[in-house]
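Residue numbers (numbering that gives the first Met the number 0), protein chains in the order written: chain Y, 0 to 341; chain F, 0 to 341; chain V, 0 to 341.
Some hints here could point you the wrong way.
Said to hold, decoys possible - Quick look at which bits of chain F chain V covers, simulated, 3 or more residues with Cβ under 8 Å:
1. 184-197
2. 214-221
3. 248-259
4. 300-314
5. 324-332
As the list claims (entries may be wrong) - So, partial list: chain F residues that the calculated Cβ filter (under 10 Å) puts toward chain V:
6. SER104
7. TYR142
8. ARG146
9. VAL178
10. GLY180
11. GLY200
12. GLN237
13. GLY239
14. GLN271
15. ARG289
16. THR293
Since the hints were derived computationally from the structure, they do not count as laboratory data. Being a predicted model, the structure only gives us computed values, none of them experimental. Ideal placement from N, C-alpha and C gives every residue a C-beta, glycine not left out.
Listed below are the residues making up each chain.
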Amino acid sequence: MKFSVTEIAAAVQGRVLGDGNTVIEGAAALGEATAKDVSFIRDAQKADVIELYRASKAGAIFVPKDFQFDARTAIVVESPIAAFCHILSIIAHEIDIRPHGIHASATVSPSAKLGRGVSVGPQCVIESDAVIEDGACLMAQVYVGARSRVGANSLLYPQVVLREGVSVGKNCILHPGVVLGADGYGFFFAGGRHNKIPHVGGVVIEDDVEIGANSCVDRAMTGTTVVGRGSKIDNLVQVGHNVQIGPLALLVSQVAIGGSSTLGAGVILGGQTGVADHITIGDGARVGGRSGITKHVEKGATLFGMPAKPVAEELKLQALTRRLPEIFKEVRKLRELIGKNG
Amino acid sequence: MKFSVTEIAAAVQGRVLGDGNTVIEGAAALGEATAKDVSFIRDAQKADVIELYRASKAGAIFVPKDFQFDARTAIVVESPIAAFCHILSIIAHEIDIRPHGIHASATVSPSAKLGRGVSVGPQCVIESDAVIEDGACLMAQVYVGARSRVGANSLLYPQVVLREGVSVGKNCILHPGVVLGADGYGFFFAGGRHNKIPHVGGVVIEDDVEIGANSCVDRAMTGTTVVGRGSKIDNLVQVGHNVQIGPLALLVSQVAIGGSSTLGAGVILGGQTGVADHITIGDGARVGGRSGITKHVEKGATLFGMPAKPVAEELKLQALTRRLPEIFKEVRKLRELIGKNG
Amino acid sequence: MKFSVTEIAAAVQGRVLGDGNTVIEGAAALGEATAKDVSFIRDAQKADVIELYRASKAGAIFVPKDFQFDARTAIVVESPIAAFCHILSIIAHEIDIRPHGIHASATVSPSAKLGRGVSVGPQCVIESDAVIEDGACLMAQVYVGARSRVGANSLLYPQVVLREGVSVGKNCILHPGVVLGADGYGFFFAGGRHNKIPHVGGVVIEDDVEIGANSCVDRAMTGTTVVGRGSKIDNLVQVGHNVQIGPLALLVSQVAIGGSSTLGAGVILGGQTGVADHITIGDGARVGGRSGITKHVEKGATLFGMPAKPVAEELKLQALTRRLPEIFKEVRKLRELIGKNG
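My request is simple: use the sequences and hints to build the entire structure.
Listed below in structure tokens is the structure:
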């Protein structure tokens, strides 16, 4: 497919600066774009983004309204990234890879209920009394346990496992290898052994949630583990039993949340960050990568470090730590001076 | 099912305080329990647990013998958590979700040996000369490699992978996505490439071991990697080649153990902790979460931090680090004073 | 199989020291070897290796040319580890566990192209237009998405998932649970929700790459995520979208690389290390375990810590941090002295 810059601008209610006749055939990030690609500025405040913008070979670039035009073909829009994603999904000739209907090799319990337009790929297993709602897609080799539910239009990639009694909402995306509903990690020591605490609770994944490859959400002891509406979880993340994750949370790769912790609305945790058990993190709190949370976190706090502290404090302490050799030298000198004077 | 508090107390040899006629229909943690639930005190020493106890809506609560009764219905028992788990497993009407017999879609080698009462779910693969002992259950889509063994009454959840020559003991639980027996990570650089060190050893998982979702235990170069009797491993944990884990160890989520390290009996590692290769950790040692172990650890030590230090020292250093701005200011002031006096 | 030490030495162009008639039946590491095993010295510079060498019960030991002979049977070779690996692969009677041909239970799209000598195990799924080159082996329950390619002689262990449009080179090894081509983690917040950035790019795994169990390599937004020739990745590693990993890199267990970062040739990252997004790490750089990389790294740098610093500096700062109590005491004393004198 070929489009003129003017056509692309029209599709996203943008305004053309420069040559509206430039022909666009693809979409790519600034650093990768060729003269036939449209690209976008993600953060016009960052110096290295501006540098990339100048060096980019892109045929046209989506820029924000307040952006200084730099003598090249651009399309001014409200949100460059939204415009780019819109065009990307049009240009990228996405072939539909979903299975059609129920594959003959799938094992579907007679008591399972499948809605209209459901796709079930090869070698899926759907156990008794499971419910797959309208338009949901199970790609291949997916396991849906007894009494579990997959909400309407959700997409489960190959080898997702939902154990029994797990509920996945509408419009969710579960990437390959996701495991929902494994037993929580709970034992008590008695009689010379670690005795298992039964985990008879469930897992509720609300609508519009996305969970990355090989991530795990454990079932509750009693009650439910909840991943709230619109939350997005990256790969290899661990969510412990009875955790409550508020709507719109973001958990980056390899985060781990201990049992019974609560994350408020819009909480963001950077990659590899750990949260101890029974912790409450207030709405809107943000925590940098590789941090450790061992105490309750206030609403809107911005933390970093191990243990996590306010970002400004952590960065200052990191800087002072690098100056430790200096302070040791200084004190030695002072001691000598005082020795002389004293 | 409905029970009176008196009936529940009788089932666990407990003593009723308060109203023995209260009707109980469920079991739940303190914070989630309703008037129809029985609950329990896990740690009567913790202030926040006591607070939860007071606020709980539970119809009855298991409490320890020395606990101060607080004018509500309670059942005094030796171990509140053991009593709770016992009642929970009775009350939670656990439906048996195990497959019956060998599912027609499973691929079972003719040379594999299956004991009495073995369940093999849909689309499992059991390779040549594998042994599945009496009462073992492979849920669905499980892979058991050639010459591997699954011990009596062990439970393998969907999509567990045992490569060839792996031995799993009796009464083990392997959660979805567990991988046992992948090659250890070993290479040597020669001829301009990383050359693979063959890993021809095995993996032995002793009896009563539980391994969490998507965790990995690598096979040995020669000899065996061993997870000792009664050890419990959480999700997304990495156990390297030739590691020896003593009986009754606990490894919390996202722990990683480097090759050839040895963990003694009852060792506990907090979440996200890393252990370098060729390390020995003595019996009963405990290490806090997000720690790094780069040196041998004495029996019974309690460590924390990166690198790990005795807990008290680490906490003190963390506190002093937060006071670095103060010490820098102080030294500057001293320098000025001495300048004046000197 | 039985061999004399002389025969073994001949097979690796080595020179016998001591008794060439000693009979060898196996191969094992120093600590595990019996009188019937050949073993090897990995690092003759390390004191504990020398100790292991002296204590070893091995019948014969491969030693390097400059090694001091210690009155026991040894075989002097250019590279002890290479000689050991060569003998190990001969002695270990590796049974061929590869499936023969295409298993009847596999689901193979009619439009997929399978080369000569390809093995496809039970319950594999190969989607439309996928290409499996000559001699490649898919063990069991493997998923190969539409238009993906598996290079000649590559080995995919059970339950590997390649989503659509993923390219795996020749002679690669993918361990169980590996996921290639899941969507990158990218969203933008607008209209009260996290909107998904389409990921329409690909993943290219070059020749001779090995990827450990349950590791993930995400697909690019546009363009490709690349794991370069001869790189070796351990278990549970996360490689983000649009990452470029130079040839011959080593990523140890639980490493995570943020989106769009670039690792040069031969980069080595220790276990659990994290790299932020949009970072460049120069050729030959090495980073210790549990480090955090938040800034560009020079060629050949050797870093450690959080944030990562030159190793010598990090170790010095760790040592000084442990002496913080001393400096606080010292400053208090100085203040008192000055108080007296001032």
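- Message: Hint by hint, where does the structure go against what was stated? Just the numbers, ascending.
- Response: Violated hints: none; all satisfied.
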